[in-house]
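J.: We have chain Y; now place chain R onto it with these hints.
One-letter residues, chain by chain:
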Amino acid sequence: MVKPIEPAMIDTVKAKVKELLDSGTIEGFLGLKEKNGHIAPHLFRSVQELESMSLGDREVAGDARYPLNKMLISLACAYPEATFGVLVRGCDERGLKTLYTWNQLHRDKVVPVGITCPQDLADRCECSQPYPDEPVAGEKAEQRGFDSVDKVEELETPNRFAYWMDEFEKCIKCYGCRDVCPMCFCKECSLETDELVRSGTIPPENPIFHLTRAVHMAGRCIDCGLCEEACPADIPLRTLYKKVFEIVDEEFNYRTGYTTDKKSPLNIID
Amino acid sequence: MDYKTVLTTCTYCGCGCNFYLEVLDGRVIGTIPCKTSPTNEGKLCIKGWNVHEFIQSPSRLTTPLIRKDGRLEEASWDEALEYTATRLKEIAAESGGESLGFLASAKVTNEENYLFQKFARAGAGSNNVDHCARL
Numbered sequence: 007m008v009k010p011i012e013p014a015m016i017d018t019v020k021a022k023v024k025e026l027l028d029s030g031t032i033e034g035f036l037g038l039k040e041k042n043g044h045i046a047p048h049l050f051r052s053v054q055e056l057e058s059m060s061l062g063d064r065e066v067a068g069d070a071r072y073p074l075n076k077m078l079i080s081l082a083c084a085y086p087e088a089t090f091g092v093l094v095r096g097c098d099e100r101g102l103k104t105l106y107t108w109n110q111l112h113r114d115k116v117v118p119v120g121i122t123c124p125q126d127l128a129d130r131c132e133c134s135q136p137y138p139d140e141p142v143a144g145e146k147a148e149q150r151g152f153d154s155v156d157k158v159e160e161l162e163t164p165n166r167f168a169y170w171m172d173e174f175e176k177c178i179k180c181y182g183c184r185d186v187c188p189m190c191f192c193k194e195c196s197l198e199t200d201e202l203v204r205s206g207t208i209p210p211e212n213p214i215f216h217l218t219r220a221v222h223m224a225g226r227c228i229d230c231g232l233c234e235e236a237c238p239a240d241i242p243l244r245t246l247y248k249k250v251f252e253i254v255d256e257e258f259n260y261r262t263g264y265t266t267d268k269k270s271p272l273n274i275i276d
Numbered sequence: 005m006d007y008k009t010v011l012t013t014c015t016y017c018g019c020g021c022n023f024y025l026e027v028l029d030g031r032v033i034g035t036i037p038c039k040t041s042p043t044n045e046g047k048l049c050i051k052g053w054n055v056h057e058f059i060q061s062p063s064r065l066t067t068p069l070i071r072k073d074g075r076l077e078e079a080s081w082d083e084a085l086e087y088t089a090t091r092l093k094e095i096a097a098e099s100g101g102e103s104l105g106f107l108a109s110a111k112v113t114n115e116e117n118y119l120f121q122k123f124a125r126a127g128a129g130s131n132n133v134d135h136c137a138r139l
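Protein sequence lines, in the order shown, are assigned to chains Y and R. Each residue of the first sequence is one higher than the last, beginning at 7 in our numbering. Each residue of the second sequence is one higher than the last, beginning at 5 in our numbering.
One chain only, chain Y, in its complex shape:
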């Protein structure tokens, strides 16, 4: 049932995690595990558990990815002194780098265990870097450009506006895009602020809900695509936030997720 893309890859990851656990470098490894016939996020505390580890590939590559960094923030809040290992793909590593700059995680308390994504996943994601800087396992696939953004931009302005309005119209205001987002960490969310998004009414006012979120993704979104995968209405959120990434890059010369020595131009948290 579960077909690892490259069987040797998981063995390399298991060996690395075993080493980290055995040496006491980490107190636990946040990764994925085959459980109940599914692939689940799991905190590995002992090497005995590693047998059923998964890399998140079930029927196709990367179809069981989870916001592990988001879960890591919860663990780090509860156990600030503990060091955790975490399974990362290219996007997750961009997430970690960005979360360090937003003071949501301490880099000396996180040990990323990186894997690469195969080319078919990189293609589907239009991923700008489908591998972490120093992967523990896997071959590096080729980088891809944001073709989906280019395609929407080919539309004349009124048609492009209509396209997005039609897409946003489908929203059922489930907040899934925010809830799954590993980069959404605010205690108070603008999307629950009556001045911007009225509570108690569905559907949300169009386009303010989605534009509010898009603006807040500037300098934060690392293009993992979990929002789009969580959207019950199939709104192309990833394309929207890819555009936001491009704007921040062009206007501020800041490539979200690619640096830790520079903060997002919208980051005012010291």
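You can trust all of the hints, since none of them are fake.
Listed below are the simulated DSS-like cross-link pairs for lysine-lysine, each with C-alpha atoms no more than 25 Å apart in a straight line: (1) Lys193(Y) - Lys8(R); (2) Lys24(Y) - Lys8(R); (3) Lys8(R) - Lys41(Y); (4) Lys51(R) - Lys179(Y); (5) Lys51(R) - Lys193(Y); (6) Lys8(R) - Lys115(Y); (7) Lys39(Y) - Lys8(R); (8) Lys39(Y) - Lys24(Y); (9) Lys111(R) - Lys179(Y).
Since the hints were derived computationally from the structure, they do not count as laboratory data. Just so you know, these numbers come straight off a predicted model, no measurement behind them.
T.: The following block gives chain R in isolation, referenced to the frame of chain Y:
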């Protein structure tokens, strides 16, 4: 340090979406939709996304309540079932089974709902069967 993800089924409606509840040191801290569930494929509605909030709500009922002298009072399950069975019998005897109504649930299995309507129709003699989604 005890962190678990527990696979379960949403109790809100009849769709049966699967999600993981994140449990940290005995406290439910989050909900995450199951990506490999054939039912919801990693998606949830707003109610499902917030299940972890109601589970530990202090407003949640933890025992049956029986109205006594106009006030709802906590009761044991034995007491509540005894009271309900007695009153159902009394009302059916006095006014006929059609004077009773039965509200089933979208949150239970088909089999349980089948049994429930069977109980209403064959047991109590009432065709007044509806479900919680129309409350």
